[in-house]
Amino acid sequence: MAFVPKIFIASAELVYSGWARLTRYTLDIEKHDGSMMRAIREVHDHGHGVGVLPYDASRATVLLVRQFRLPVRLAGANGMMIEACAGLLDQGEAPESCALREAEEELGYRIHNLKTLGRVWATPGAVTESIYLFTADYSPSDQIGKGGGKDGEDEDMEILEMPLSEAMRLVSTAEIADAKTIILLQHLWMATLGQQR
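Under the working numbering, the first residue of the sequence shown is numbered 1, with each subsequent residue one higher.
Within a straight-line C-alpha distance of at most 30 Å, the following computed DSBU-like cross-link-like pairs (lysine-lysine) qualify:
1. Lys6 <-> Lys31
2. Lys115 <-> Lys150
3. Lys115 <-> Lys146
Just so you know, these hints were derived from the structure itself, not from any lab.
Whenever a hint applies, use it, and build me the whole structure from the sequences.
What follows is the structure in structure tokens.
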């Protein structure tokens, strides 16, 4: 059985509370040798999310969004990211319901046949958010709106429909650099290659 350390939280100080919460924890963590070490960790919490990649098998196309991301700009890039449709879970909302809702709001499509890839943590050393990943089916007849995000949520998204092969090319050139999107595209690419054999 894998080692799971005992932890004892000595203190939890709320540093900031707004859209997200930042808490500074002082804790004692059991080491592999059984001794304890004192650590201080700042943890960012804004809830959990979903990422969903719709795929039209008859045309071998995917739906993505392009939008501005301030943290990416602050880190030195231009801030424009090509991503899978994604969003945060509302309180008590099931991940599957969230994926369907976000596809309608962001993409303007009603998607079908959700397939789960599981739950991943993108930044487990500092952020509590886990992301439930899905692929889904869509066709042109499933378009129900213009997409682009929900009014009042400060979203401005360009909807991109492209061949899966083009999306994979954009991964190889780092034009797609979002982790959840890369995971979803690579999964779908491997699954479609497996079906061709």
